[in-house]
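**Student:** Under mature numbering (1 follows the signal peptide of the UniProt record, and there is no 0), residues -23 to -1, 1 to 184 are what the sequence shown spells out, in order.
Keep in mind the hints are simulated off the structure, nothing from the lab.
Accuracy of the hints is not assured; some may be wrong.
What the hints assert, rightly or not - Below 30 angstroms or equal to it, Euclidean Cα-Cα: the simulated BS3-like pairs (lysine-lysine) are:
no. : residue 1 : residue 2
1   : K162      : K117
2   : K100      : K110
3   : K129      : K162
4   : K100      : K31
What the hints assert, rightly or not - Listed next, with one range per pair, are the computed distances between beta-carbon atoms:
no. : residue 1 : residue 2 : range
5   : N89       : S127      : 35 to 45 angstroms
6   : A71       : A148      : 44 to 54 angstroms
7   : S(-1)     : D120      : 54 to 64 angstroms
8   : S127      : A71       : 56 to 66 angstroms
Glycine residues also receive a C-beta, built at the ideal position from the N, C-alpha and C atoms.
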Amino acid sequence: MHSVKFVAVILSTLILASCSTLSKEECHLGDWNGIGFADGSSGRGGNRIEAHRKACAEHGISPNLDAYLAGRERGLGHYCAPSNGYQEGLRDDAYEGVCRGRDEEAFLAAYNAGLAVHDVRSKIFSLEYRVGKKREEVGKVEDALDVARSRKITSAEDGEAVRNELLTLGAQLERLNGEKRVMEKELELLENELTRLLERHRNGLYS
């Protein structure tokens, strides 16, 4: 029983530690300007300081709010640049609305441009997987057709069965190839769209 309680205490401690935004060492070091800069550069919301306050309160330390805010302002200057907004969109990172008052319109234009590329790339990745699976299906039916064609016929019944099998497999192959062609055409269109987007964004100096 005591060992179970001990394990529970250890697990609780680890969970709490993983939820803390700052370690004991970071709280004691007290580089609040650097912490603010890191949060600003990462696009963290203004309530992030409250999480730091709680984390360091466990160690009897209070944040230097002025130093933190000064660092965060510098960090936001980097984060809110359109070139960074584009990269944030490419990664599909969440935007916490921290660029208001900092030419947010330009940031969001770049961010949404990055999101558009991310969306097309995701569709391409998904479709490439589906095309690969469809090609596997086609290959299996082609193999089955080869087996059926090479089967020895020793009776009229065998011949009828093989003909029916060949007809069934042939129809199946035609259907699968048709589906594959549709998917490959869709994939080609998506790849062309991605090329156009990337070219447009290069001209817009996002990347």
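**Student:** Indicate, hint by hint, whether the structure satisfies it.
**Tutor:** Verification of the supplied hints:
no., hint, in the structure
1, K162 to K117, "holds, 22 angstroms"
2, K100 to K110, "holds, 15 angstroms"
3, K129 to K162, "violated, 39 angstroms"
4, K100 to K31, "violated, 41 angstroms"
5, N89 to S127: 35 to 45 angstroms, "violated, 57 angstroms"
6, A71 to A148: 44 to 54 angstroms, "holds, 49 angstroms"
7, S(-1) to D120: 54 to 64 angstroms, "holds, 58 angstroms"
8, S127 to A71: 56 to 66 angstroms, "holds, 58 angstroms"
In summary, the numbered hints that this structure violates are 3, 4, 5.
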